[in-house]
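Peer 1: Below are the chains, spelled out letter by letter.
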Amino acid sequence: MDKLTKQQQRKHLLDRAAFGATPAELAEASRQSLPAVVRRLMGRPDTLPELKVVDPETAVTKRGLRGMVRDGQLDRDALKERIRMNAEKVRDLNLQWLDRMASGENALREKMALFWHGHFACRTMGQNPLFMQLYANTLRQHALGTFSDLLMAVSKEPAMLQFLNNQQNRKNAPNENFAREVMELFTLGRGNYTEQDIKEAARAFTGWQFTLDGQFVFRERVHDEGEKTLFGQTGAFRGEDVIRMLLDKPQTARHITAKIYRFFVNETEDKKRVDELAARFRKNGYDMADLMTHIFTADWFYEPQNVGTHIKSPVELLAGMRHTLNITFDQPQPQLFVQRTLGQVLFYPPNVAGWPGGKNWIDSSSLLFRMQLPNYVLKAADVPVRPKEDGDVNTEALARKGGQTFRTTVDWAGFEESFAKTPDADLPDALAAVLLPLPLRAEQRSLIGKPNQPGQTRSERIRALTTALMSLPEYQLT
Amino acid sequence: MNRRDFIRQSAFTTAGTMLIPQFLKAYEAQAMGQTMAPSGKILVVVQLSGGNDGLNTVVPFRNDIYYRERPTIAIRPENVLKLNDDIGLHPAMTPLKALYDEGLVTVINNVGYPNPDRSHFRSMDIWQTGSDSDQYLQTGWLGRYLDKTDKARPYNALEVDDTLSLALKGDRLNGLAVLDPKKLYNQTRSGLVRNLSQQHDHDHETVGYLYKTLAETVSSAEYVFDKATVRSTMATYPAHELGNRLKTVSQLIQSGVATSVYYVSISGFDTHINQPGQQERLLKQYAEAVGAFMADLKAAGRQNDVMLMTFSEFGRRVKQNASNGTDHGTASNVFLIGGGLPSQRVLNEAPNLSDLTEGDLKYTVDFRQIYATLLRHYLGADDVAILGRRFDALKLV
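Residue numbers (full-length UniProt numbering), protein chains in the order written: chain L, 1 to 478; chain G, 1 to 397.
Each hint can be trusted.
According to the in silico footprint, chain G covers these stretches of chain L (three or more CB under 8 Å from chain G):
no., region
1, 304-318
2, 346-359
3, 381-387
4, 437-448
5, 464-473
Since the hints were made in silico from the structure, they are not lab data.
Quantities reported herein were computed from a predicted structural model and do not represent experimental measurements.
We put the beta carbon where it would ideally sit given N, CA and C, even for glycine.
My request is simple: use the sequences and hints to build the entire structure.
Peer 2: In structure tokens:
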């Protein structure tokens, strides 16, 4: 592939920094300067609508509900019903976030938040929609702030403290899970700390707890106030001190920057470049807006070897498809069905290490399903595939019936408008330029670009070509 | 419609076949149809998802603690299908007891791993990848078996399902998920898929990877479909999901498909509430399906070439809960059936219910010892390379 044209550059940017673009957005971005486009992508945190499926004032957790049963305020059937409703709300939160990603508003922020959801992977426990709602909004609020603030805020999220068992981490009875993952996954990476560091950090994190209504609390009576020695320093450290020590370490900047690079630039790390980016990141106080602006305005970001190398995650694929064609689903269940079948359900990462990503997304069945997805979504076809049950009674709300029946509304008129002046013969390439990261190859053009069927209207032809292009393996890439 | 009719009706086929590069044809033909295991042995893994209650599956019917901790859900001694003086099978498992009496079943008690995780997804991860409990691996143990085998093809490890489990995902190669060979084959017959699978882009690595996967899918689907129709089994299987899936496995084995590992799962074992009825129904399905499967293989003279292994991601707590159910626990039992193992035995001691860790069983056999034994002594593979280190083999043979 040769040097990218301006339109290809804008497409690459919008694919990586957002969830793709509509033809109109791509055309507009191609008329603007790069800094202007990047600036607009950054958005503003104050314009970010919160995800909201429960009211923090009235939400009751499973444990709270059990208490109500004991007090006689609720009978057992009502309890079951309330627990079921809670599970459904986690599902609704999933769909609400997906809607935000597909909307195209605050797109870079939502994309970063999705990245952070994989990094600070946290899975819903006991069907607690309130905790997941707080967690998701924290990721989104801080997604482009400083990593320092994000790390501190996420580490104090009830969802995270619960998921990593810090409620059980007490003076004289430490639970090291939280301390270990904070170091291994959130900051330093494996091999950059000792078991002693973890033991001592766990002691420092004792007392970091949460209340049932979703507040972080520091409980002094279970906090170990003794001296701890970690990373060669000794003091009566608390959790905040450990977080600060971790942020002081260049390795934290290196680890986070490398992960950002692999997600946004290229799965194959350019060591020297990541070193430079990491140094800059740390020097600028872990300012993520600065780091991302720097990446997206760098010439090397647009080098051909960085284009078409990222395999879209299932959520990126779904949100991107919806955004490009302004698709709405008449029923919620099919979107969960797609997430489950392809292996990425929001709020249900496989483990605290997040989704492995990259080539892990692709095997025979997932690739075939991805290639057929445009048919299901755009032609409302019934799907002959069924995802596995995970055997967990708590995830039944995700697996409810109706997932295989796709009924969607597609804004074809809005999409077609952008191609009103495109000559018929140029349609395959013009559509490909909007939908695919790489130009059509000759054999692909001859495969999908066959001349008009007799009686096919221009609109029908655009729809047929679009469906075919989205079914190409290249559509899985950005 | 048989395959030839189907091809005739497929408008793209002629053009498609012509487009296959010669070198690729030669490669596919050469690699096609080779098994991985030099011994020709076949492993069938049956996964019980949700955490099967091991103590009510293999019941310690002389143990007072068992009856004390499970006042309403314990299996009464008179109902147990006795294997020896201490333990016996759940009464719904008559067909499995019959196999045991024929000398085809080995029971391994107390299987688990250090620092057990009680969450479904994490513990299943650990079982499927063969990792330590504080380690996150992105490949499965059977996927790595593919990786480490020369000239392996996706269909050498086959999951009878619509989606592929982590267990069968390798670094270099993935297994193949196929619920119904004909359905998968038809999916790969669309003009677009067929044509694209013959296109190759070598200067772009990720694109190349997708096209390579597609080409492998198309050729594997064709191979399995072609082979699967060679022989169809006449045997009767119970009409439920697991029965159907094991029937498919048997059909593929008897047709001579070059698959060394099959993977099947059955779900619903998360019995927090009203366990007895639910577990009985599932264990009955399991035992019926396995009974039919082994009878079928025996009739074909294959019961010594095929070993079926059954596991669940964890057992359940010793003490029942307040809802006539049980909560997530730790160690549990594993069954090995067929495969030419020595007759009729319970490999190791029954669970010690008076020595628990926070109310949970202590494991005495690491599940990776079973994997290592099967890989090395049954499939003839390099267990250390696949599992990342040496685990002591069990004395199975």
